[in-house]
Amino acid sequence: MAQETQLAPEVRSRYEAVIGLEVHVQLLTRSKIFCSCSTRFGDPPNSHVCAVCLGLPGALPVLNREAVSMAVKAALALNCAVNPQSRFARKNYFYPDLPKGYQISQYDEPLAEHGWLEIDSGEQMRRIHITRVHLEEDAGKSLHEGFADSEEKSYIDLNRAGVPLIEIVSEPDLRSPEEAYEYLTQLKTVILYLGVSDCNMEEGSLRVDANVSVRPSGAEKLGTKTEVKNLNSFRYLQKALAYEVERQIVVLEAGGGIEQETRLWDSRAQKTLGMRSKEFAHDYRYFPEPDLLPLAVPEVWREEVRRTIPELPRAKEARFESECALPKQDAKLLAASPATANFFEAAAKLSGEPKSSANWILNDLAFLLQEMGKSLEDSPVSADQLAELIVLYRDGKISSKIGKEILRTMARTGKRAADIIAEQGIEQISDSGKIVAVVRDVITANPRQAEQFRSGKTATLGWFVGQVMKATNGQANPQKVREVLEKELAPR
Amino acid sequence: MDLCALTISEIHSGLGRKQFSAEELARAHFERIEREDSAVRAYLSLSPERALAQAKKVDAAIARGEPLAPLAGVPIAVKDVLLTRGLPTTCASKMLAHFIAPYDATAVERVEAAGALVLGKTNCDEFAMGSSTENSAFAPTRNPSDLTRVPGGSSGGSAAAVAARLAPIALGSDTGGSIRQPAALCGVVGMMGTYGRVSRYGLVAFASSLDHVGPFGRSVGDVARLLGVIAGRDPKDSTSAGVPVPDYPAAMEADVRGLKIGVPKEYFNGLSAAIGDNIERGIDRFRKLGCAVKPISLPHTDFAIACYYIICTAEASSNLARYDGVRFGYRAPGFSGLREMYQKTRDGGFGPEVKRRIMLGTYVLSSGYYDAYYLKAQRVRTLIARDFLEAFDDVDVILTPTSPIPAFKLGERMDDPLQMYLADIYTVTASLAGIPGISIPCGSTRDNPPLPVGMQLLARHFDEARLLQAARAFERAGGFEAA
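Chains Y and C, in that order, are what the protein sequence lines are. Take 60 as the starting number for the first sequence in this note's numbering and just add one per residue. Take 256 as the starting number for the second sequence in this note's numbering and just add one per residue.
Hint data in this document are derived by calculation from the structure and do not stem from the laboratory. If you're wondering where the values come from, they're calculated on a predicted model, not measured in any experiment. Careful: at least some of the hints might be erroneous.
Unchecked claim - Straight-line alpha carbon distances no greater than 25 Å define the calculated PhoX-like cross-link-like pairs of lysine-lysine that follow:
id : chain 1 : residue 1 : chain 2 : residue 2
1  : Y       : K247      : Y       : K391
2  : Y       : K474      : Y       : K456
3  : C       : K610      : C       : K599
4  : C       : K610      : C       : K631
5  : C       : K599      : Y       : K212
6  : Y       : K200      : C       : K631
7  : Y       : K408      : Y       : K474
8  : Y       : K539      : Y       : K414
9  : Y       : K460      : Y       : K433
10 : Y       : K150      : C       : K631
11 : Y       : K150      : C       : K520
12 : Y       : K463      : Y       : K539
13 : Y       : K408      : Y       : K460
14 : Y       : K150      : C       : K491
15 : Y       : K150      : C       : K312
16 : Y       : K433      : Y       : K456
17 : Y       : K200      : Y       : K288
18 : Y       : K460      : Y       : K474
To be verified - Only some residues are given here: those of chain C computed to face chain Y with a beta carbon under 7 Å:
id : residue
19 : E570
20 : S573
21 : A576
22 : V581
Cβ coordinates follow ideal geometry from the N, Cα and C atoms, glycine included.
Full structure from sequences and hints, please.
Structure below.
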């Protein structure tokens, strides 16, 4: 197929991609949105179900207040206007994992509208507009594989049915797969900061669909869009969008037209495949949910929720840059997740050394964690333990080289830095008397090099430092060594 | 003493004086059902174990000298669209023919908490869709006044049970007249409270924005007592109202002199003399009681049937989607694949009227038709509600016939759904407006045997006490036998 050929860059550059994302986020409430069943993930199938979430005859939904609070929090953090009154609607379709035969969602009167999220599009910051944020219930899960009789049967797990979701719909403001990736990253970071979802893509608590079209660069009119589904990782998102954009350009270049349809990303084939064309599109027959009253979010409630919004990543990043004098790139990395930011802030505060804390976290600790296959959340070295190490280093008790080794031991054993130093006797030698003795020995042993230095070849100093460090197993304070050497080597 | 002919207060005075026990009351009713119900077919299933166990508890409480709960020892029939834990709840449908309810509807829970003895589940039109109880998947119920005629519907089994003294009181459901119309056709009292007055939790949904649970009885007092027990806020139903529940049996005894009664002219156009003459005599009785009777107009009445059948079918098409053969209820045998399982299950499990309404409702919600049908119907609904609000500026109660016709012959209207829908013409307006309504017996026709005629009284939202007051005054002034 023509689509598999690489598109020539000059052809690609004649087109502009237009992308909008629909992101579903599972809220971290303890109970489901319309009943009191637990939302816990990973329990035996159908262990968290009741008359309401099973869709039994006669059962009625009762809205979970906490779900609304969390949704409002997300909407406010995404700069949306929260509607004082919104309404639930039924989205009707048949599927075995949809117990009632309809999903309770929101349609023409959503919870919140007209928001935006700022993304870093490389050279400048761009505002991506958010059309709406609405609340809905999740469906259950169909299990088509993994059972002895999977050939002829499918199984259904309704633990997830009724778990609260928010759907965040962006305007078609994204202009490249990279921007879509950046938007989703930023969105996830904000949601994680708010603590309203764990955004775990593998467990399905963050799900993404994309609307994709292309148009000639500079054109106003939007092209026909396709909806791309099954984008269940950040990597797939970027790949699938890149593929779909190219596919559309190839079709148009060949004089064809884009069909409005739903396409599925097939990660094995690395392509999007047509799933459902417009003629077969579902008619969801939305109508207002008569079992629930309109949802009122009065100002008092809204403002109460607003006060619980923590400092968000952009603000934190800016503050790290200005307050802690960190380079922009470091500030960004540290603000990239609440776990990292919290870890950094704790270490910086306890050690009083923000810059040094940033370096240790982003370099040595990050490297170590990666090696161990761990993340900062389950770091074996806590922020206060790291802070102790940083203080020891600052006070000249250890060299940076020894420090790295101590960190490794800390991670392995869980011991505190001071204890490791005491046990191994590897405290840095800063005592002048001890250093002077070693320096004199080294000079005596190397008269030729000492003569060279005295005759003006000052570069030899580095060589002398190395010798002294070697003689002290790296424990001597290099700064001190340098000072003593300069004095001892000085022509007398 | 005929234990099956008593009112609640007569039952309570008899229990109090140890003239009979609750157990004897229950047994007397089961014996009568055994004797009479093969002709009437009011009940779909009986629950003697549950009723007798409850009766023993009541008798033990009486023996201990405890005060009587509001419905202590009172047998009750429950329409088979209300869930009763551990008992069949079929909705008179093949779809739920073997469905055993896993929980109790709030109304059922409340009547049992108040001491009532659940005798069994009563027949109805399938999923409460119909006006004659002929749409039951099992058997039609017959009108106790004339066994060749229908009891009305959809709560025909509950109305017939009360009329035939197979239970002193009953629970029914009313979406467009399903309590009031059968009450009229069977000659008993039936009431629909304000929308939200009684919890819908555990009532199998037909049209959620119109569904009500309500009482039947042979006297206004019994209906007042039963309503008082089931009314009030239920946290399990978001649409149930927190408005305080008055003491209805006390409130109904208030004097009606000076009460302003409006008679809407739209409800008398082309009305047969058989009904009209009785209603006129009923109006006269209110005049004699010192009420001021005024002609009024409810101008949007003509649109009510169309509006009602769009909204109720739309909601029904969605509410009945859950009967898909996946988790409970009927699943058709011999299918290949999911689509065919759905098709065969829903084709085999639902009767023709239910299918007709699902199709109508699916159509009116479809994209491209939604605005022209559903949205327009919602606007008309608002206008109909406004008609009532404006009328209630001038009057306290509105009086109309309950049904344009008395009980009709079985089979007479089955082939003409539109004629059947028109049987609801006087009852759907109040359902759409969400206001309370009551039907009380008001004379009878000159047929042989004579057929009961029902009079409907309507009041403002949450003004049930006023309805009961007017109904009680009417009853006290001359009884229900002849108006």
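Here is what the structure says about each hint:
1. Y:K247 <-> Y:K391: holds, 15 Å
2. Y:K474 <-> Y:K456: Holds, at roughly 17 Å.
3. C:K610 <-> C:K599: holds, 13 Å
4. C:K610 <-> C:K631: Between C:K610 and C:K631 the Cα gap is close to 23 Å, so the pair holds against 25 Å.
5. C:K599 <-> Y:K212: Given pair C:K599, Y:K212 holds - Cα atoms ~18 Å apart, limit 25 Å.
6. Y:K200 <-> C:K631: Judged against 25 Å, a Cα distance of about 37 Å means the pair is violated.
7. Y:K408 <-> Y:K474: holds, 21 Å
8. Y:K539 <-> Y:K414: holds, 23 Å
9. Y:K460 <-> Y:K433: It holds: about 23 Å lies between the C-alpha atoms, which stays within 25 Å.
10. Y:K150 <-> C:K631: Roughly 20 Å separates the two Cα atoms, so the pair holds.
11. Y:K150 <-> C:K520: violated, 41 Å
12. Y:K463 <-> Y:K539: Holds: Y:K463 and Y:K539 sit about 20 Å apart, inside 25 Å.
13. Y:K408 <-> Y:K460: Distance ~24 Å between Y:K408 and Y:K460 Cα, so the pair holds.
14. Y:K150 <-> C:K491: holds, 22 Å
15. Y:K150 <-> C:K312: Violated: Y:K150 and C:K312 sit about 47 Å apart, past 25 Å.
16. Y:K433 <-> Y:K456: violated, 29 Å
17. Y:K200 <-> Y:K288: OK: Y:K200 and Y:K288 at ~16 Å, within 25 Å.
18. Y:K460 <-> Y:K474: Since the Cα atoms of Y:K460 and Y:K474 sit roughly 18 Å apart, the hinted pair holds (cutoff 25 Å).
19. E570: Because about 6 Å separates C:E570 from the closest Cβ in chain Y, which is inside the 7 Å limit, the hint holds.
20. S573: It holds, given that the least Cβ distance between C:S573 and chain Y is near 5 Å, below 7 Å.
21. A576: Holds. Min distance 2 Å.
22. V581: holds, 5 Å
Figure legend: structure checked against the earlier numbered hints; hints not met, in rising order: 6, 11, 15 and 16.
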